[in-house]
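Q: This is what each chain is made of:
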Amino acid sequence: MTALLLILVPLIGGLVTFFVKQESQAKLWSFVVSLVTLAAMSVNLLMHDEAGRSFTAEWLPMLGSSFALQMDGASTLLCFLTSLCYPIIFSSTWKSSYASPNSFYGLMLLAQAGITGVFLAADGLLFYFFWELALIPVYFLCSKWGGEKRIAVTFKFFIYTFIGSLLMLVGLLYMYYQTADASFSMQSLYAVKLTGEQQSWLFWLFFVAFAVKMPVFPFHTWQPDTYEQSPTAVTMVLSALMVKMGLFAVIRWLLPLFPDAAVQYDNIVIGLSVIGMIYASILAMQQDDIKRLIAYSSIAHIGLMSAALFVNNESGLQGAMIQLFSHGVNVLGMWIVIELIERRFGTRKMSELGGLAQKAPGLTILLVIVALANVALPLTNAFIGEFLMFNGLFKFNIWYAAVGGLSVILSAIYSLRMIQKVFYGNENILTATGADINWVEKASLAVIVVAIFVMGVYPKPVFELTTDTVTLILGVFK
Amino acid sequence: MSITEILFWFLCALALGGALMMVTSKNPVYSVLWLVVVFFAISGHYILLNAQFLAVVNIIVYAGAIMVLFLFVIMLMNMNADNEPQKNKWLKIAGAVAGGSLMLVFVAALRQTETLQAQQVNMGGEAGLIKVLGKTLFTDYVLPFEISSVLFLSAMVGAVVIGKKGD
Amino acid sequence: MNLILISAIWGIVMMFSGLFLKSKSSAKTVALIGSIALLIGNFFDLSGKMIINSNFNGMLQYERFGLLFLTVLVLALIMYILLSGKDVEAVGNHPFEYFALIFFVMSGAGLVALFNNLLILFIGIEIISIPLYILTGSDKRNLKGNEAALKYFLMGSFSTGIMLMGIAFLYGATGSFQLEQLMLQPQEDYKIFMLIGIVMIMVALAFKVSAAPFHFWTPDVYDGAPTVFTSFMATIVKAAVFIGFVNLFANAFGNKTGNWQMTVAIITTLTLFIGNITAVYQQSVKRMLAYSSIAQAGFMMFAVFAINDMAKQGLLLYAAAYCFATIGIFAVLVKMKDYTFDGFNGLAKKQPLVALVLTVCLLSLAGIPLTAGFFAKYFVLAAAVKTGTYLWLVIFAVVMAAVSVYYYFRVIQAMYFKEGEGQEMLITVPFKALLVTVAAVVILLGVYPSLLLNWLTLF
Amino acid sequence: MKSIIDLVYLVPLFPLIGFLINGLGRKNLSKSLSGIIGSGVILASFVVSLLIFNETRAEGFIATTVNLFEFINVAGLNIPFAFQVDQLSALFLLIITGVGFLIHVYSTSYMHEEEPHHYARYFSFLNLFVFSMLLLVLGANYLIMFIGWEGVGLCSYLLIGYWFKNTEYGNAARKAFVMNRIGDLGFLLGLFFIIQQFGSLTYTEVFSQAEGMFKGDAIIVVITLLLFVGATGKSAQIPLYTWLPDAMAGPTPVSALIHAATMVTAGIYMIARSNILYTLAPVSQTVVAVVGLATAILAATIALKQNDIKKVLAYSTVSQLGYMFLGLGVGAYTGAVFHVMTHAFFKALLFLGAGSVIHAMHHEQDIRKMGGLAKKLPTTHWTFLAGCIAIAGIPPFSGFFSKDEILVHAFAANPVYYVIGLAGALMTAFYMFRLYAMTFRGTFRGTHEQEHHLHESPWQMTMPLIVLAVLAIVAGFVGIPELFAADAHKLEHYLAPVFKASTEIAETHHVEHSTEYILLAVSITLIVLSILYALNRFSKKPETGEAEGFGKVLANKWYVDELYNSIVTKPLNGLGAFTNRFIEKSGIDGIVNGVGKSVQWGGRQLRLMQSGQVGSYVLWMVLGILILFVITITILK
Amino acid sequence: MPINYYIILAVALFSIGVAGVLTRRNAIIIFMCIELMLNAVNLLLVAFSKMHYANAVAINPSAIAGTEAQLFVFFIMVVAAAEVSVGLAIIVMMYRNIHSVDVNFLNRLKH
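Residue numbers (the numbering used here), protein chains in the order written: chain H, 1 to 478; chain U, 1 to 167; chain B, 1 to 459; chain L, 1 to 637; chain Z, 1 to 111.
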């Protein structure tokens, strides 16, 4: 039942929001909706309500497709992430006001429904459905409320991902006709036995779709522009949650469906990912716009995750699992800070900022913590993930680990550069005007900080949660 | 060479020649008249093939009605040779070539079956007689027969709507 | 059969009511009644209760598929009359005659949907075409209209010639016009006739559905014709011809798949490519829709390409999705002065509801999930994948679908994201209601296509 | 039975609490309060450490592991969050908390000019540092050590950049952190190798397995070298030492605590901890020794020409660390640890003394502007002198014993080591007394108003000085070589269990007592001579101008920073700019956009087919028919 | 007569018609060429009908075959007549407006 609620609540809530014309009410309403979702999710987690984690209903019998939702470890984790992030997003962007707020918040909630659906879908066609559904609201959000280059940029992003997903659809169709009982259900798709040659081209059809979404070098060029142009609230959704769609899709669909191809091409994928890590880190050092910097650093982190997914050993996979969550939380924190800075000082250019530490110590401290989590300092959540992932990568091939490890240094360089340029040094005319953050913003950041440390010190629960997924994947590789 | 063969060849020559003249002649009126010649030749063929009914209908409907209609229109617009300026030469040549190659392709496709050479066409038989045709027309083909009235209706309505002066 | 009769008769009724009813505005009402009569008649067709229950010595065959397809067409027609009836009256001085012609076209569509004999196909196509020539030119003062009419007519009758040549060769091969006869293997010497015949008839039908490289008439005619009739041509007529296309290839050449599939594949590829790519650069929305209709035809060609039940269901769904969406868009377009993309700037502020409906329709045409368009494309592509061959064709198609997103979304961007004050247009409340219905249908079919497809197996 | 050992987690816990209180309540706490909290927590953990130390001194005490909770348990790799208490860690606990406490006390007065919330921030950072340092030494496996390892790096970053308004300091802080990170990467890779080889990171398991392996095993060499890379970063050895002198940007007590007494010794601790591995890898041992020696000499030479009081001390630190690594390299683990301890005392003493001077001189750090402070700041002067003598290695001051032990072992391993080491020792003596002389001897060279304000520091500052001075003098007696008294080397005896395994494996080259006497005599005489030379040279006519000639090279630290800048930093930025401009924008993104553009272009071109001419339309159709015919009939027939 | 002769003849006429459509620009003449094409088809159909008749009688002397083809021809004529009426109407309308039947003047609609 929870599974269904997680989709229905935001969906219906979102549709209702369109009719809540008054801004403050729209905000309040959408915030409440997101809280309800969170509550549903947390209850399920606390109750260990296994039964509630799957749901099946008749949908398109003639297509052998049913409305089947199912939470395994990874998806539970990600659903929790989604339902956790939304209230934070809403509360942290409480101050910023948008033209026609009702449609803005409505679309946000619809996006949540779509994303959650992707994490839950246990039916190929349904998965594709949600995959697109998550995209449409985001498209409108970015193009309507974004920066001045928004239309072109968002459009590029849309078509880029759309091509990818259509290719995936073709692959899905082909798989469908290979199934014994002509069904899209995950089980029967898993059961399909494919020849190596079939696997190898199907693998690429799927991989491109996911690679664009993640994004993996060299499919990443849409990402910095989109992050830069879209309103920060949407950027949070994009990079904290939508990015995970690609990775999760790899976990739930790509690897179990085409294990042989995954092994066959692991060097290409991991190679691309590792190149991406270094490449993006180097680019991050060049950026002046904080948003672009975070965008590139996020590409680097994703690169590590996508590499870890293909190393085919438990350490790497577990690391990737926990990092799915950690990266979401950390990057969300980053965006919140940026949002706060931009709202206060009206710019994201590091060259124009500086000396914020005097005006906004609270903000500074929180940013430093998040940034340190971003560079995977021990006792922060990211460290656990990166340690395990690098270990997995090392097991796979020493040199990948060594080269990829350079990104650890580079990330330190650009993160500290950002901290210094924005917060240290003397304040200038622009930054002299600022004020520190209020308690709401503090609270929403505090949640993140707490999450960072709790998971960094005691990750055990997450591991227990995701073990089943990991064993599943390792199982298919046997 | 029997009389029919002579006739056949003569009609063929007449049809093709007429067709070519129709296409090439400058003056529309001449083209119409040449086309009439072609129709007569074809009717001749029908007779040779013992399809008298069609031969007659062909004369009446085509040569008689349709062509006269054409003539009227041409007269009405009092067109004559010179008021058709030269068309772009290349397009002309291209058109001729295209038509020719279409012909070639057909022939090439068809001549590869030798056995067709032997396949004779029966000059006799009463399939073409009005009695037989009439019977089938009003039994098996009653639906198309009736439905073609709709066709005529729409054509009529159209002609009126389009041709009606004033509005 | 009922449908054919009723539509023929109602055509005449329309003509005569033109004599007695002086007020132009009553034409719409009469037509509406007629179309509802059609629906009822078709319903009885489906349930096997016919005025004349005969297949006329195998001239017709009452396949569920064909009949259901006609239902879709009739529903589309009703929606069309409801949305654009007023505009039809506005075109010229002969509203009743226009509607009469439309009804004649419907009877032709009936023939094409149910034919079992090439003669019926031929006559059906002609009955569809001739009224269209006239409707195209119905706005007599408009030179563009005249030009379009003449172009359409000349090329149309040319294609008729091609089709007849094809039919003649098919007859030469088998000695019959009955589809089941054509199904039989011709004797060795005549195989070549069969081949030539198939190609030529394919070309002729490709022309009618405006598939490349026989599509050239489409943009000019759709652009030149009065917009209401463009809407009619682009939707109902095109769908009608397609059902004929599929019926012919399913019931006459279905067993000979392979040697003509390649040809269809080529035509499909060309159509998708030219239709989508050319649409990208258009400045006028009307002309863009003309090209998009070519592109959509490319997708429907998949149904012809993969002759199987999936394909038939797909075509059915596609026709419904495509017709409703396009009719909706045109209905709005007719009301606008400025057909360029910039004409749509800022429409969302001026007419939020209209803009929303347009968006839904455009999304459907682009084949985005949750709209009927997605399942339409899904089915036809699935049918093609099912054949297991020509996967490159499917991949090419999806890439082209992505291209199509480009020009459909240009309109959405103009409406929602571009600055500008949307242009004046008179939108009545009932009209809005109808638009909403269209959108609702599109979305309903998009979420639960079985609604429509279950009818194939019902009764 | 419940021994104090089980409460070991209290030791890091107290500083953590202090950090949280000071950090969260920094707005509301008064200066004195946060000062008291800051120092109090350290005192508390010092007390606990003392008790623990007592336990460990008991005869036949065996190392005990205290499991706190399960940290990571994945893929058969079980890493508990556990502390290991044995002689080594206990000793370090004492040093860290003891010296740490003194420095906290010192800071309460040194930082009194700061605003309250900055003051609290300072103490919270200091506590956090102590916390991570304690994690580092207490961890029962390499991962916990790594946590502390990175933690201290972070804290040094925070404390160096404590005065964040100054961009220079910010850069210094970044430099420190990044250089540490480079080392950390090596360390991390080392850990992965260990995991791969031993399937665990827990000391006991790793070492017990390692003992089974034969000497000079390649994998162990790789592991030890990688770990050593980490050590070079943390303990400022070639090539990663350049951050330490810049780190003097931080407040002086910080330099005393982090960059002299504790953090920089992390590398030493790590190697001493994994001594068995190094003993099994002679190659790595040589590398360690050579690098240490080279660093010792290089830093000493640079220190000769520095004029910033703190810079001199910084380079002396680097050079002393070099000695410790030399000791480790030649297998004198006890000696190294011993030197760590003594060095902690006198180096902290020296820094705090310098701080007191700077404090008195109103943040003047250039020794050329000082002189003759002896009578103005008596306490500082005497304590500082004690420190100088200790570091110079004059018996019976502590420095003598520890350094001597290292040098003797070096001689045993390879006389060349000894010679170079001795040269370094001479330079040390020389520049230390140059520093001493220019600061305290001669006449005052500062401004009048500076001279007017000269005054001895308050008790919070002098008290630690005195305590440390005493320690610096007497600490040596825990390690009297048996040369003088049979098994009087208490420390060695105490630490023996830790190094038991390696002492068994390592072949011991014994040095004759006679030789030792000679060595001692030589070294002491030389050192004394250099001290006397330095004293009278710089007391009389101190060098006030800029150095020239070779001296300039030394004054500019052999231009190493410039070198790094031109071979690493600049190329990296260049690469970044290039990538951004050409590969990203024009390259990849160019291709992506190019596809879109080409589609539009194609649209423009294809439109032209639609010429509007019926003739051409029909022509196209006919051509289409022809082509289809040809295909169908020829190809598919 | 061998069937080939008729086929060739018909095809030839058809091709001439096509060539005419391509080469002429007078709408009326183009239209006449199309009529020529239709007649070619008629001829072909009749020829085929007789061919199949011949095949039929070869098996069973009293068989009746090939009627439907001739009926088809009949219907083609019917349709042709209808088309002509509409077509000429359109052409006349065109002529009324631009006083020419030259298809090259039809170029308002393009691209």
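A few of these clues could be false.
[Unchecked claim] To give an idea of the chain L side of the interface with chain H (calculated C-beta under 10 Å), a few residues:
#1 75
#2 113
#3 135
#4 144
#5 451
#6 452
#7 455
[As the list claims (entries may be wrong)] Take a look, some chain H residues computed to stay more than 12 Å from chain B by CB distance:
#8 4
#9 52
#10 100
#11 101
#12 144
#13 152
#14 172
#15 177
#16 476
Please keep in mind that the hints were generated in silico from the structure rather than gathered at the bench.
For glycine and all other residues, C-beta sits at the position ideal for the given N, C-alpha and C.
Q: Look at each hint and say if it fits the structure.
A: Quick rundown of the hints versus the structure:
1. 75: Status holds, d = 4 Å.
2. 113: Nearest chain H Cβ about 17 Å off; hint violated.
3. 135: 9 Å, holds
4. 144: 9 Å, holds
5. 451: Status violated, d = 32 Å.
6. 452: Cβ of residue 452 of chain L sits 31 Å from chain H, so the hint is violated.
7. 455: 31 Å, violated
8. 4: 16 Å, holds
9. 52: 24 Å, holds
10. 100: 10 Å, violated
11. 101: 15 Å, holds
12. 144: Per Cβ check, residue 144 of chain H is inside 12 Å of chain B; nearest 6 Å; violated.
13. 152: With a cut-off of 12 Å, residue 152 of chain H comes too close to chain B, as the shortest Cβ separation is near 9 Å.
14. 172: Check fails; 10 Å does not lie beyond 12 Å.
15. 177: 6 Å, violated
16. 476: Holds: least Cβ distance 24 Å, greater than 12 Å.
Checked against the numbered hints given earlier, the structure breaks hints 2, 5, 6, 7, 10, 12, 13, 14 and 15 and satisfies all the rest.
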